[in-house]
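Enquirer: Protein sequence lines, in the order shown, are assigned to chains A and B. Sequential numbering of the first sequence, starting at 0, is according to numbering that gives the first Met the number 0. Sequential numbering of the second sequence, starting at 0, is according to numbering that gives the first Met the number 0.
Don't read these hints as lab results, they were simulated from the structure. Careful, some of the hints might be misleading.
[As the list claims (entries may be wrong)] Computed spacing ranges between beta-carbons, pair by pair:
id, chain 1, residue 1, chain 2, residue 2, range
1, B, Trp123, A, Glu194, 48 to 54 Å
2, A, Trp217, B, Leu95, 26 to 32 Å
3, A, Ser208, B, Arg51, 28 to 34 Å
4, B, Arg53, A, Trp217, 26 to 32 Å
5, B, Leu20, A, Leu112, 46 to 52 Å
6, B, Gly65, A, Phe83, 28 to 34 Å
7, B, Leu68, A, Ala116, 54 to 60 Å
8, B, Glu59, A, Gly84, 55 to 61 Å
9, A, Ser195, B, Trp123, 28 to 34 Å
10, B, Val13, A, Arg43, 57 to 63 Å
11, B, Glu14, A, Arg137, 17 to 23 Å
12, A, Leu22, B, Leu95, 47 to 53 Å
13, A, Asp118, B, Val99, 17 to 23 Å
14, B, Ser18, A, Leu112, 41 to 47 Å
Heads up, the beta-carbon is just placed ideally off N, CA and C, and yes, glycines get one too.
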Amino acid sequence: MTLSPDDWEVIRLSLKVAIVGVLLTLPIAFGLAYALARGRFPGRILLDAVVHLPLVLPPVVTGWILLILFGRTGPIGGWLDRAFGVTLMFRWTGAALAAAVMALPLMVRAMRLSIEAVDLRLEGAARSLGAGPWRTFRTVTLPLSLPGVWAGLVLGFARSLGEFGATISFVSNIPGQTRTLPIAIYTALQVPGEESAVVRLAVVSVVLSLGALIASEWLVRRQGGRAHVL
Amino acid sequence: MSFEVDIAKRLGEVEIAVSFLSEAGVTALFGPSGSGKTSILNMIAGLLTPDRGRIAVGGETLFGEGVNLPPEARHAGYVFQDGRLFPHLKVRANLLYGAVRGDGGVTFDEVVDLLGLAALLARWPRTLSGGEAQRVAIGRALLSNPRFLLLDEPLASLDRMRADEIMSMIERVRDALRLPILFVSHNREEVDRLAGQMVPILR
């Protein structure tokens, strides 16, 4: 099986979109997971529901909402355009945003579970040993919830790599900008005689997803933990 | 005057109220399990807030009169009943966790020697026996430069020989470091041997 230059372009673009999307989401997802796991504030249930919305909405609807918000005349897109001259429409950055939004609920869920599993009494022990709240978070809470962070990263990455509906309705199908793996596979399926491209890209998808899973298991083991990512 | 404690707290259906002054080096809270002894230690350490009252150690008010110091400012050397070692840190890192605020007259080597920890330093907490974990927990508390020690059933998970050794070690700490010690026990023998003063806690 030999990959064509077009295949490589699709793979490079997909990896770029998924990695940028997931890394942008990581701090936001961890902050939300921490707030939902530990916080007791009014509106927590509403926040929880909003975070999970991309998981339950049809992806095409999520993409359409992004289009309304981030389109050149949308409230956020218009502001980005006026203030910074930045536009997400039909660009790979828009695809990364769609991937990030779709990955968010999965990442928050994984991280929240492992933050909730951290023994509060260990944090009490750290405090009594002289660690303030920030050092306690950095040296106890964060390292003990790392398996959930890795799990979130892997799930988010896989979700981003597979993103189709929100991406195609938000930023369309532009070769080199928004034609990621699933969209390229869909495009090839529409053209008679392109079956071999479908097979090549499908195999690449499997390899990438499997690779992410194995890499994260290995990372968690190397830390000496007994935990599993999934 | 080492410990001045006069506190009350309602936890569910149980009302915990205790009041005592102690001059002695070692004070024992003695009572049956379920009588709230651990909750009293938690309130002195700052991990649980009393409903009312006052806590002072060595003349410094930790709680009451508008004061409520966070746990990290109380300088308690708290040895928990379950050891409560950090599972993601090896024994050496556990011992040194609180040592960043300076050693309290004992060095790392002295503590390792005193508690027989040399062979354990490179191990993970999950591989330790109950007694070994307890010794590490005592060492970790001693190395955190404490102004006083809180020991929650420190001998409960030790075999007879180690318990004897730990008791002599507590006596040495009491005499050498002059740290006020408050310890919780349901064992009359321990209390008689170690404590200058006993505070009975009734259910």
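Enquirer: Looking back at the numbered hints, which does the structure fail to meet, lowest number first?
Expert: Of the numbered hints given earlier, those the structure breaks are 3, 4, 6, 7, 9, 10, 11, 12, listed in rising order.
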